[in-house]
Amino acid sequence: MYVGEIAPTHLRGALGTLNQLAIVIGILIAQVLGLESMLGTTTLWPLLLGITVLPALLQLVLLPFCPESPRYLYIIRNLEGPARKSLKRLTGWADVSGALAELKEEKRKLERERPLSLLQLLGSRIHRQPLVIAVVLQLSQQLSGINAVFYYSTSIFETAGVGQPAYATIGAGVVNTVFTLVSVFLVERAGRRTLHLLGLAGMCGCAILMTIALLLLERLPAMSYVSIVAIFGFVAFFEIGPGPIPWFIVAELFSQGPRPAAMAVAGFSNWTSNFIIGMGFQYVAEAMGPYVFLLFAVLLLAFFIFTFLKVPETRGRTFDQISADFRRTPSLLEQEVKPSTELDYLGPDDEND
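So the sequence shown is numbered by our numbering: it starts at -18 and just counts up by one.
Honestly, the hints are just simulated from the structure, not real lab data.
Positions of the beta carbon are idealized from the N, C-alpha and C atoms, including for glycine.
Hints should not be assumed to be uniformly reliable.
What the hints assert, rightly or not - As a list, the in silico SDA-like pairs of lysine to any residue whose alpha-carbon atoms are at most 25 Å apart:
#, residue 1, residue 2
1, Lys66, Thr140
2, Lys90, Pro271
3, Lys66, Val34
4, Lys85, Leu(-8)
5, Lys88, Glu294
As the list claims (entries may be wrong) - Per label pair, the in silico range of CB-to-CB distance:
#, residue 1, residue 2, range
6, Ile8, Pro45, 39 to 49 Å
7, Val13, Leu100, 16 to 26 Å
8, Pro27, Ala82, 37 to 47 Å
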């Protein structure tokens, strides 16, 4: 949410994807340090667990030096001076009047819209559609099966007949990192919706390929290599779309008032489904055997259809323009204010301006 608010419109997707890049780099470092030749032993694992304190401390030290969101300062706190100062610091421009004018337009529209609590958001008809989209996008990330692959990647590679499963898992981590970096450069060119659709379709195909490879493994030992390709492809397509996009697109779907509550709902949906997959996958895998990835393929197909039908493209658009689509009305930057209706548009509180 913070990155989405401070980023300029033309870089919002790329900067939002950097958050996912940091996550996957952390995963790769953990996979390497978790090798038995490193810290993955019965005596050194507490040290491996304790290392996680270091990035947390680094964040704690650096956070006070981060500028406050100009959108929060001006729209919520009504502090034009600090907002202008924050904009100058973030953009490096001496003249930020253009960016401030955009905030003023958004603030004028949102003067009728107070910050919403969680219960108010859940009961709001206006925000029902973007909220459903936000939740389904989060579910498409976790129920895609990606965490099942990473949590149990070593055992999956063992089942597929891979000789060094731990190193194959690190290989998946490298693919994970590389394709997240690719997504950083593609997201502002291809668009969020396009990349998400591409990622879901690719993951669905790889899940089907993985199912076929596991079914034929006993008769065709070469299927172990097909399994590796399928898993690497699964991870690559995940990081092209479903990995980074659901997190930052939620912030784009909502205006300033409901955004914090919407992010809370989205985060709850994400981590709840993550917990369900983490706790239940091994039991489902035991029950379904090689067909377990076929279940994920069906879910991925359903998410693809939903995204194609319901998710709007947000690339290069302001928060006001995106919100206006859900309200079925022109945005502030697109509508013309006629003199005869100007007072109605400004509202009664603006007559004294």
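- Does the structure break any of the earlier hints, and which numbers would those be? 1, 2, 3, 6, 7 and 8
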